[in-house]
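Asks: Heads up: the protein sequence lines correspond to chains A and B, in order.
What the first sequence shows, in the working numbering, is residues 1 to 315, in sequence order.
What the second sequence shows, in the working numbering, is residues 1001 to 1190, in sequence order.
For the record, the hints were derived by calculation from the structure and aren't laboratory data.
Heads up, a few of these hints could be off.
Said to hold, decoys possible - What follows is a list of derived Cβ distance ranges for each label pair:
#	chain 1	residue 1	chain 2	residue 2	range
1	A	Thr253	B	Ala1067	20 to 28 Å
2	B	Ser1081	A	Val28	51 to 59 Å
3	B	Gly1002	A	Val213	31 to 39 Å
4	A	Leu184	B	Leu1007	58 to 66 Å
5	B	Leu1004	A	Ile70	52 to 60 Å
6	B	Pro1176	A	Tyr181	22 to 30 Å
7	B	Gly1166	A	Phe293	27 to 35 Å
8	B	Asn1152	A	Thr253	35 to 43 Å
9	B	Asp1095	A	Ile70	19 to 27 Å
10	A	Glu300	B	Leu1007	23 to 31 Å
11	B	Leu1004	A	Pro102	40 to 48 Å
12	B	Asp1095	A	Arg136	45 to 53 Å
13	A	Phe293	B	Phe1022	39 to 47 Å
Claimed, not checked - Short derived list, chain A residues pointing at chain B, Cβ under 7 Å:
#	residue
14	Ile54
15	Ala155
16	Leu240
17	Thr253
18	Lys254
In this text, all values refer to a predicted model and were calculated from it rather than measured experimentally.
Cβ coordinates follow ideal geometry from the N, Cα and C atoms, glycine included.
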Amino acid sequence: MVRTRYAPDRGLQARMGLTMFLLGLVFVALVTALVFVLLAFKVGAGAIIFFAVILGGVLTFGSLFWSDKIALRASGAQEVSPAEAPQLHGVVDRLCALADMPKPRVAIARTDMPNAFATGRNSKNAVLCVTTGLMRRLDEKELEGVIAHEMSHVAHKDVVVMTVASFVGIIAALLVRFAFYGELFGGGGRGRGGNNNNGGALPILLIVMAIGVVVYAISFLLIRLLSRYRELAADRAGALLTGQPSALASALTKVSGAMSAIPTRDLRQAQALNAFYFAPALKSDTVSLSTIFSTHPSLERRLRQLSEISAQLGR
Amino acid sequence: MGFLDTLLGRTKPVQPNLDALFSLPTAAVTLQASMGFTPTGNGSVCFRVAEGRAFHDIEAEVRQLLAMGPDAGPVEVTGDSYGFTWLVSRHKSDDVESLVTDLHAVNTSLAEGGFGPQLLCTLVGFTDSSGRKLGIIYLYKRGTFYPFAPLNGEHRDNALELEVRGNLGADLKTEPDLTRWFPVWGAPGL
């Protein structure tokens, strides 16, 4: 009985696993291609690849290690004590006790955009942030649903998973950029004494750049796909934690409705943080292509899953 | 959570630990002997209502069960401002055992119905001759107890709480992580 009611979504897990496997495959392919290029030409490009990997690693590690501080700074949120926001802390306390999780720090961002995010490299350094706009629009049950969703992100270590996943893309993007500047100022690998007599038709940096572009494009799509699956998983875990999938669904419809009404100047400022947010602050187009570039699943998809969970709980 | 759970983004709902509740009567004796706190005879179970018929059926069943017992006191059901439900059971102040049995019956019914993860905490009220209030709170998911001593105006008597922890350490498994001692202001049964 327990099993059927809180059953995990095997299909979602399989798709998520496959996405991560493909990302790993892209990474391996990237490394193989680069090693191959280096061996084939024996010259140049080595330094560029080396720097791209080192800088990519530093960037990834940095954004992971300081994710809580970066996100708080970028959103202008401020940490609040239990005395300042007793109701909010009370909700978080109770959810932590239900889920047997350490309590994250709680922050409030003073903006009318209704949103929430959770970040931090592990549950001990996690910060949970809600905006004043969210608290104003949602009632207690809905707010609890949103916070449960964010705490599931913390429990699933989504910041770590997504940062590590984006490592491939970061390296590829850096490679493209470095190779481009190398081509511009250094003249590529062709001129080195003319010793690559058979493959000399293509400058080595152009090949590296092409590899970078292809890998970046593929990994970009895979990361977005992974992000959408993680959102669905957090929706699911959050709804099961509170036992109130419909409250979360109602919060989603309210937030999505309000999202489209916000002026564009605010939206542009919000862009950088989108992946960590509860609902993206950008208007979603009705064009079907836009869904594969999006960090969050469509509202319909999320509502469908929540109503399935609701049916499961009532059985 | 294991590595694979993290990787696949799945959470197993935490099942409650129910049996530790039965160490409460011994602790009540210790509390009376060492600090002069006597049980008020009131206790409550706090849980999160899940939506759907299944949960409401079980909830109704639990209320009937409590009302039918041989030495049943009145059962009250109250909601708090966080959307949690409290079932309050009232007994004579010297009868902690029946109180604990009642509370345990609520837990088992919910857990057997498949809603164990919905249980938040259980609370047993104590008071001393000078009128100070104290709640011993059991966290189902941790399997640990902690004291909660409210003062007027949403303040808590931390000194008293720590003193209680010191006295109860041998009888109860107290929660070592102080950040998990969350306040339950105005909890029914306190």
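Asks: Look at each hint and say if it fits the structure.
Replies: So, going through the hints one by one against the coordinates:
no. : hint                               : verdict
1   : Thr253(A) - Ala1067(B): 20 to 28 Å : violated, 40 Å
2   : Ser1081(B) - Val28(A): 51 to 59 Å  : holds, 53 Å
3   : Gly1002(B) - Val213(A): 31 to 39 Å : holds, 37 Å
4   : Leu184(A) - Leu1007(B): 58 to 66 Å : violated, 41 Å
5   : Leu1004(B) - Ile70(A): 52 to 60 Å  : violated, 28 Å
6   : Pro1176(B) - Tyr181(A): 22 to 30 Å : violated, 55 Å
7   : Gly1166(B) - Phe293(A): 27 to 35 Å : violated, 59 Å
8   : Asn1152(B) - Thr253(A): 35 to 43 Å : holds, 41 Å
9   : Asp1095(B) - Ile70(A): 19 to 27 Å  : violated, 57 Å
10  : Glu300(A) - Leu1007(B): 23 to 31 Å : holds, 27 Å
11  : Leu1004(B) - Pro102(A): 40 to 48 Å : violated, 21 Å
12  : Asp1095(B) - Arg136(A): 45 to 53 Å : holds, 48 Å
13  : Phe293(A) - Phe1022(B): 39 to 47 Å : violated, 57 Å
14  : Ile54                              : violated, 26 Å
15  : Ala155                             : holds, 6 Å
16  : Leu240                             : holds, 6 Å
17  : Thr253                             : violated, 16 Å
18  : Lys254                             : violated, 17 Å
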